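**Student:** Based on the sequences and whatever the hints tell you, model everything.
Residue numbers (this note's numbering), protein chains in the order written: chain U, 1 to 227; chain R, 1 to 444.
Hints listed in this document are in silico derivations from the structure and should not be mistaken for laboratory results.
The structure displayed is predicted, hence computed values, not measured ones.
Backbone N, C-alpha and C define an ideal beta-carbon position, used for all residues, glycine too.
Be a bit skeptical, because a hint or two may be false.
As the list claims (entries may be wrong) - Not everything, but these chain U residues come out facing chain R in the computed CB check (under 10 Å): (1) E40; (2) L49; (3) C80; (4) P81; (5) R99; (6) I101; (7) A108; (8) A109; (9) N118; (10) H120; (11) G139; (12) L198.
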Amino acid sequence: MALWGMVIDLDRCTGCQACVMACKAENNIPAVGMKEAHKERVISWMQVLTETGEDQHGAKMRFIPRPCLQCDDPPCTKVCPVYATYRNPEGIVAQIYARCIGCRFCMAACPYNAKYFNWHTYQKEAPGQNPDVSLREKGVVEKCTFCHHRLQRARERASAEKREFDPAEYVPACAEACPAQAIVFGDLSDPASEVAKLAHSPRAFRLLEELGTKPKVFYLTEGEAGG
Amino acid sequence: MADAGDPHEEILLAPIERTGPGFYWAVALLGVLIAWGAVAYWAQFTSGLGVTGLHQPVGWGFYVTNFVFFIGISHAGTLISAILRLSKAEWRRPITRMAEVITCMVIFIGAGQILVDLGRPDRIMNVIRHGRYQSPLLWDATSISAYLTASLTYLYLPMIPDIAILRDRLGKRKLLYSVLALGWTGTEHQQRVLNRAIAVMAVLVIPIAVSVHSVVSFVFSMTLQPSWHSTIFGPYFVVGAIFSGIAGLIVTMIIFRRAYRLHYYLKPIHFRYLGQLLLIMALLWFYFTFAEYLTGYYGAEPEELKVFWAKFSGPFWPFFWTMVLCNFAIPLLCLVNLKRHTVGKVLVASLSVLLGMWLERFIIVVPTLSLPRLPFPEGIYWPTWVEWGETAGSFGLFALFYLLFTKFFPIVSIWEIREGREMALREVEERIASYLPGGAEGES
Chain U
1 MALWGMVIDL DRCTGCQACV MACKAENNIP AVGMKEAHKE RVISWMQVLT
51 ETGEDQHGAK MRFIPRPCLQ CDDPPCTKVC PVYATYRNPE GIVAQIYARC
101 IGCRFCMAAC PYNAKYFNWH TYQKEAPGQN PDVSLREKGV VEKCTFCHHR
151 LQRARERASA EKREFDPAEY VPACAEACPA QAIVFGDLSD PASEVAKLAH
201 SPRAFRLLEE LGTKPKVFYL TEGEAGG
Chain R
1 MADAGDPHEE ILLAPIERTG PGFYWAVALL GVLIAWGAVA YWAQFTSGLG
51 VTGLHQPVGW GFYVTNFVFF IGISHAGTLI SAILRLSKAE WRRPITRMAE
101 VITCMVIFIG AGQILVDLGR PDRIMNVIRH GRYQSPLLWD ATSISAYLTA
151 SLTYLYLPMI PDIAILRDRL GKRKLLYSVL ALGWTGTEHQ QRVLNRAIAV
201 MAVLVIPIAV SVHSVVSFVF SMTLQPSWHS TIFGPYFVVG AIFSGIAGLI
251 VTMIIFRRAY RLHYYLKPIH FRYLGQLLLI MALLWFYFTF AEYLTGYYGA
301 EPEELKVFWA KFSGPFWPFF WTMVLCNFAI PLLCLVNLKR HTVGKVLVAS
351 LSVLLGMWLE RFIIVVPTLS LPRLPFPEGI YWPTWVEWGE TAGSFGLFAL
401 FYLLFTKFFP IVSIWEIREG REMALREVEE RIASYLPGGA EGES
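**Tutor:** Structure follows, in structure tokens:
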């Protein structure tokens with residue numbers, strides 16, 4: 001069974017937000033409008049966090065792209081009272097929009113703030129939307145699923161062509177769009193895959209690893225190439 | 001049942017027999033509050049939770065605060081009534097009914113807050129259809145349902161003899177009272193069965209009440225979030241619940257004492273005793289708060305400290321220090337000496353505690369959410385008219401339910417007062433004699 005994971009090289013990330021925009025286009029993420037944005041209600045499954053730190057050369061901006069980290073021990077799924085969010089066998093944390101009751105307990109429990117709530121009906125059927133991704137109604141929580149529909153599509157294509165499914169056919173929109181190739185995606189359970197090798201590199205770390213959530217998104221520390 | 005009774009009993013039946021203009025004024029006032037709440041909820045139901053002030057890091061605000069607060073108030077009934085009954089505190093007799101009614105009414109309002117808080121209230125049945133028992137919200141649903149069932153039974157059982165009095169004495173609502181009285185005639189056998197049932201329920205209701213507020217706290221403490229993930233939360237919430245429950249009971253007693261002229265039944269001594277209980281709870285509350293915050297501060301875990309300082313001197317300081325003032329300083333000043341102006345002082349302390357305990361719940365829910373661990377924009381939460389309306393409507397609904405109850409049933413237990421007068425005096429004398437060395441029972 002595959003275990004889908006991601007490695008993000010912080011040295012390569014320029015903070016260009018291409019991943020953010022690709023994710024929004026791919027997953028029909030609504031633009032909430034200026035008024036709602038001022039109320040801190042922007043929905044962004046992939047979000048580039050910025051941190052200003054100091055080094056010997058003075059102020060330094062640090063970018064941390066943050067999708068859902070697809071924890072192997074996710075705090076959000078345990079607290080959901082209706083099984084609307086769960087970890088599927090391949091390690092992707094899924095959300096059933098048609099079942100979610102909107103209690104927002106998963107949002108309160110997620111230490112990465114990776115879950116988003118539909119405060120209003122933000123989206124309606126419109127041309128140019130991705131037909132593979134369902135529209136979310138008001139009052140439900142939504143989240144990144146590593147573009148799970150792309151996995152399904154790749155599997156269906158392989159089975160239609162009567163051949164084995166190749167993990168290389170499945171790449172989430174953010175990884176595909178990154179111009180600096182900072183995002184590497186693949187099967188962590190395959191030791192030969194690039195993503196598994198990078199995840200074991202000495203530069204690799206995970207966000208808030210001390211919490212024991214076991215994220216499947218790894219980061220590579222920055223500052224190794226610079227000097 | 002003989003009608004000879006006490007002429008003062010008429011006072012207890014008067015609100016049921018006659019309705020004065022004061023009642024209609026009160027209903028009109030509460031109606032305004034409830035209408036505001038209804039309009040607010042309708043706005044929220046049709047256009048989504050976006051009409052509230054909630055936002056991305058702070059997904060829980062007034063509604064969850066109200067939920068914890070109301071469920072806390074509900075502990076008035078159990079703790080006062082069940083514990084005092086079990087410990088044979090004779091002064092409880094005119095108070096128990098009032099406390100039990102608070103419990104039953106407020107559980108409905110408290111559980112309703114969760115419904116108001118949901119993004120999709122139309123899917124509430126999913127909790128039963130797809131319930132996941134790993135979630136503390138399911139523990140809540142279970143234990144609150146058990147609590148509601150037990151409390152309703154515990155309210156109803158001691159009402160049966162009083163309903164029989166109403167059935168025999170009152171001209172109106174004959175059918176209702178006849179059905180509810182369950183054929184009570186006051187035979188010795190009936191009394192024995194009833195007393196036994198009441199005693200069983202009193203024992204049963206205490207652990208259920210403790211479980212209710214523990215699991216309410218587990219909604220927070222089971223998460224990994226700073227300032228929530230704390231082992232003390234269960235008992236801390238139970239103590240806070242009893243604390244606010246007593247305060248709520250005192251305020252209710254004072255209002256109805258004035259409105260229904262119950263001075264003959266509710267004497268300064270009752271308020272002095274309840275005031276002393278409130279004082280003990282204030283000290284206990286302070287101890288728990290101190291232990292909780294000292295642990296966080298001394299451990300100095302950075303995420304914990306961020307929330308700690310946000311409360312102490314950051315954006316939440318006005319709420320935090322008002323809470324300390326209301327829950328500790330003011331009650332202490334009012335309650336240490338209750339020799340004079342008892343009722344007034346106890347009232348001030350109780351109102352202060354009610355405000356303080358609401359703030360305590362708020363200061364637990366919001367600061368943790370508004371300070372995410374990762375570098376996100378931090379946000380303070382400002383409620384809109386919708387949340388104020390819903391809150392006002394909830395208080396209005398509670399008061400209206402309570403008021404309507406008093407128009408149907410006596411708010412002071414008639415038979416228990418009678419029993420106290422006829423039997424308890426002798427019983428207490430015998431009991432005290434048995435405590436003393438060489439007492440009647442003479443056990444070695």
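**Student:** Confirm or reject each hint.
**Tutor:** Going through the hints against the structure:
no.: 1; hint: E40; verdict: 4 Å, holds
no.: 2; hint: L49; verdict: 5 Å, holds
no.: 3; hint: C80; verdict: 6 Å, holds
no.: 4; hint: P81; verdict: 4 Å, holds
no.: 5; hint: R99; verdict: 6 Å, holds
no.: 6; hint: I101; verdict: 5 Å, holds
no.: 7; hint: A108; verdict: 6 Å, holds
no.: 8; hint: A109; verdict: 4 Å, holds
no.: 9; hint: N118; verdict: 7 Å, holds
no.: 10; hint: H120; verdict: 4 Å, holds
no.: 11; hint: G139; verdict: 3 Å, holds
no.: 12; hint: L198; verdict: 22 Å, violated
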